[in-house]
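Asks: Read top to bottom, the protein sequences are chains A and B. Counting in this note's numbering, the first sequence runs without a single skipped number right up to 1130 at its last residue. Counting in this note's numbering, the second sequence runs without a single skipped number right up to 1130 at its last residue.
Warning: the hint list may mix true and false statements.
What the hints assert, rightly or not - One-sided and incomplete, this derived list gives chain B residues near chain A with beta-carbon spacing under 10 angstroms:
#, residue
1, ALA806
2, PRO808
3, LEU816
4, VAL821
5, ASN824
6, GLY841
7, ARG843
8, THR854
9, LEU890
10, ASP893
As the list claims (entries may be wrong) - Derived, one-sided and incomplete: chain A residues facing chain B with beta-carbon distance under 10 angstroms:
#, residue
11, VAL842
12, ARG848
13, TRP850
14, PRO868
15, PHE914
16, ALA1108
17, ASP1111
Since the hints were made in silico from the structure, they are not lab data. All residues carry an ideal CB built from backbone N, CA and C; glycine is no exception.
2 protein chains.
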Amino acid sequence: MRFLHTADWHIGKKLHGYDLLTEQRDAYRQIKAIALQERVDAVVIAGDLYDRALPSEAAVTALDDMLVDLNRRQQLPILAISGNHDSGVRLGYGRQWFASTAFYLKTTVAEGLQPVVMGDTQFFLLPYFEPFAVRQLFDDESIRTEAQAMERLVAAMKEKFDPDKKHVLVAHFFAAGSHHSDSETQVQVGGLNAVPVDLLRDFDYVALGHLHRKEALQHEPTIKYSGSPLKFSTSEAEDTKGVWIVDTDTTPVTVTFKPLTPLHDLVVLEDSFATLLDREHDFPVTADDFIAINLTDTAPIPNVMQRLKERFPKIIELHRVNPLEVALPDLPPERLQADPFALMTDFFSQTTKHALNDQQTRWAQQALQQAMKEDAQ
Amino acid sequence: MRFLHTADWHIGKKLHGYDLLTEQRDAYRQIKAIALQERVDAVVIAGDLYDRALPSEAAVTALDDMLVDLNRRQQLPILAISGNHDSGVRLGYGRQWFASTAFYLKTTVAEGLQPVVMGDTQFFLLPYFEPFAVRQLFDDESIRTEAQAMERLVAAMKEKFDPDKKHVLVAHFFAAGSHHSDSETQVQVGGLNAVPVDLLRDFDYVALGHLHRKEALQHEPTIKYSGSPLKFSTSEAEDTKGVWIVDTDTTPVTVTFKPLTPLHDLVVLEDSFATLLDREHDFPVTADDFIAINLTDTAPIPNVMQRLKERFPKIIELHRVNPLEVALPDLPPERLQADPFALMTDFFSQTTKHALNDQQTRWAQQALQQAMKEDAQ
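Please put together the full structure from these sequences, using the hints given.
Replies: This is the structure:
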């Protein structure tokens, strides 16, 4: 059989306040187009369909529209699991009906041990899990880590292996050795919370979700993260997003990458303020792209964000890559040595055209004393 | 055909802090038993399946279990709408799959205009709506009230009437003339927000939800509130809860009430503190019943709630039905005319074994002066 592997849609996610539903709907349309063009037999979604356990109504409607379109209108079977960003319970409401039209959605570990057979393949749909759920399931207090839990789960799955079938695991966790990017907020790197890749070698293919970069396991030919369909952080700016097409007819399975074209890209620009604002200078971005700016200037720039947004409306990050050089104002040398209170009263009267009144003088003196006391500590 | 009419399950509702899921599961079991015993062709649920737009995961699981059991296990068709307590969007997620096994759930007004045909009957499943939704649907600015909206909706439904079928409306609103009880928190009584019963006479039966007492429209033979399966407020304490069984084979339709037996009842006890605590006195309640107490005493009773809860663990309300008579302490007459400040200092020193210090004396004097000033105003 032939299936499409995607994950980490994170429907409802915002990028620094910018709603991504338009971009997510576009990515969905591309994924569907690839699925139809490649004539796949099923679409695998390896978790994190929503961005939050309590998705907004707009997010619920958007995902519902996509799944209805894919499964009911296009008549494509779906094999999906809940991820750590989903509430398994909320996402899974209705899954008993979904299965009646070959939309298999698993949200508990126990469900993941029962393979779904499609064509020549057994699919084990293992949702995101906490080790304690596996400890409870097997009533085994010795299960403490993700690795121990996974070892136990794989053993249970292998008991169900039909030797005449291919075996595909769909799962959502951090596989050991994989690099991660800034947008997987809940990842705890390495150690106890990682699943060693070696535990997964008995499967013909492992369709993973959780990490947002397909490069995370690039040296593994048949254990793959699909990555997210959109760039969710600047660390993914240079990535090419896409989906895997997996053919189980061959041994080993054949895996092909199909790229997605971002409707609105996420671009990092590194340049000086003057160049960035120079309308003659041509940056490879559109007004709808999400821009992270690395400013090379070293001088303070008043209203820097506001002025940059006139040129790049959707700025999601602004960093200085060089240390700020704050020049002292051009004052005669005797002023620099003046009493701080005198400087303060001068500044106040110059700025407001009024002298400090008695009450203000008391406040100013107290504040200065406090500041000096703290400075001395 | 024959169907069961229920509504206002409010899964996830708490009664003054007490979880009702156990009672709600029991009520569900009774409703299912009636449906099977009466061999109904469908179960109608007229809105407010959940108690909140954002139900807890426990509530989602409980409702999912009930609907899976009824529709998938018992193979009973379900005809349902969202109520004002439900989020139509959240509840309706998955409804495109539900319909594939005859679970019809409508959450938008437009969907409500397309009848579901079952046996000899057209069902119009009209969810709770705001007039503005109907204004938008018909692009008619003149639609301002529930009554105007409903008039327009009924006209549109009648265009779809098949003269060879019976016509049943399932809806969730406040029908004019109906009395309401304390547990329908969002009801605005009468006036602009009510739908006149006369608008509904073209239907063979109207299965309503929203009001929690089946007596709300007791003089209407074929326009009925089912009421809630449980008592949710003391104003419902004397009610008999249940469901309607409706036969469409006759003209007019035949309507029969089937009572539910509360697992744990809601009981109002009106008596004196002494009688209530008297273990010899037999009150018709169990330790699991929800008790509202109307205390007849007129004297203050220290720790009254705590002491009553030793006898009745689940007290949900405590009222005094007679004015409290606060007796003045037994003081010699000259003390009653004493200076308030002298009384205060005496009380303080007697209670604490210390005299007021200077600061305390100032505070006490200030407080007394303030109190007298306010008293004089």
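Asks: Under 10 angstroms is the threshold here; is the Cβ of VAL821 (chain B) close enough to any Cβ of chain A for the hint to stand?
Replies: 5 angstroms, holds
Asks: Interface hint check: ASN824 (chain B), Cβ to nearest Cβ on chain A, cutoff 10 angstroms. Holds or violated?
Replies: 8 angstroms, holds
Asks: Checking hints one by one. Is PRO808 (chain B) an interface residue toward chain A, by the C-beta closer than 10 angstroms rule?
Replies: 9 angstroms, holds
Asks: Hint check: is the beta carbon of PRO868 (chain A) less than 10 angstroms from a beta carbon of chain B?
Replies: Given a least distance of 21 angstroms, the restraint on PRO868 (chain A) is violated.
Asks: Does the interface hint hold: is ASP893 (chain B) within less than 10 angstroms of chain A, judged Cβ to Cβ?
Replies: Where the cut-off is 10 angstroms and the nearest Cβ of chain A is about 25 angstroms from ASP893 (chain B), the hint is violated.
Asks: Does the closest beta carbon of chain B sit nearer than 10 angstroms to the beta carbon of TRP850 (chain A)?
Replies: With a closest approach of 4 angstroms, the TRP850 (chain A) hint holds.
Asks: Can we keep the ALA1108 (chain A) interface hint, with Cβ of chain B closer than 10 angstroms?
Replies: Since the shortest Cβ distance to chain B is 38 angstroms, the answer is violated.
Asks: Could you check if GLY841 (chain B) really has its C-beta closer than 10 angstroms to a C-beta on chain A?
Replies: Cβ of GLY841 (chain B) sits 9 angstroms from chain A, so the hint holds.
Asks: Can we keep the LEU816 (chain B) interface hint, with Cβ of chain A closer than 10 angstroms?
Replies: 8 angstroms, holds
Asks: Using Cβ atoms only, decide whether LEU890 (chain B) comes closer than 10 angstroms to chain A, and label the hint accordingly.
Replies: 17 angstroms, violated
Asks: Holds or violated: is there a CB of chain A closer than 10 angstroms to the CB of ALA806 (chain B)?
Replies: With Cβ-Cβ at 9 angstroms, under 10 angstroms, it holds.
Asks: Close enough to count: is the Cβ of ASP1111 (chain A) nearer than 10 angstroms to one in chain B?
Replies: 28 angstroms, violated
The structure does not agree with the numbered hints 9, 10, 14, 15, 16, 17 stated previously, though it agrees with the rest.
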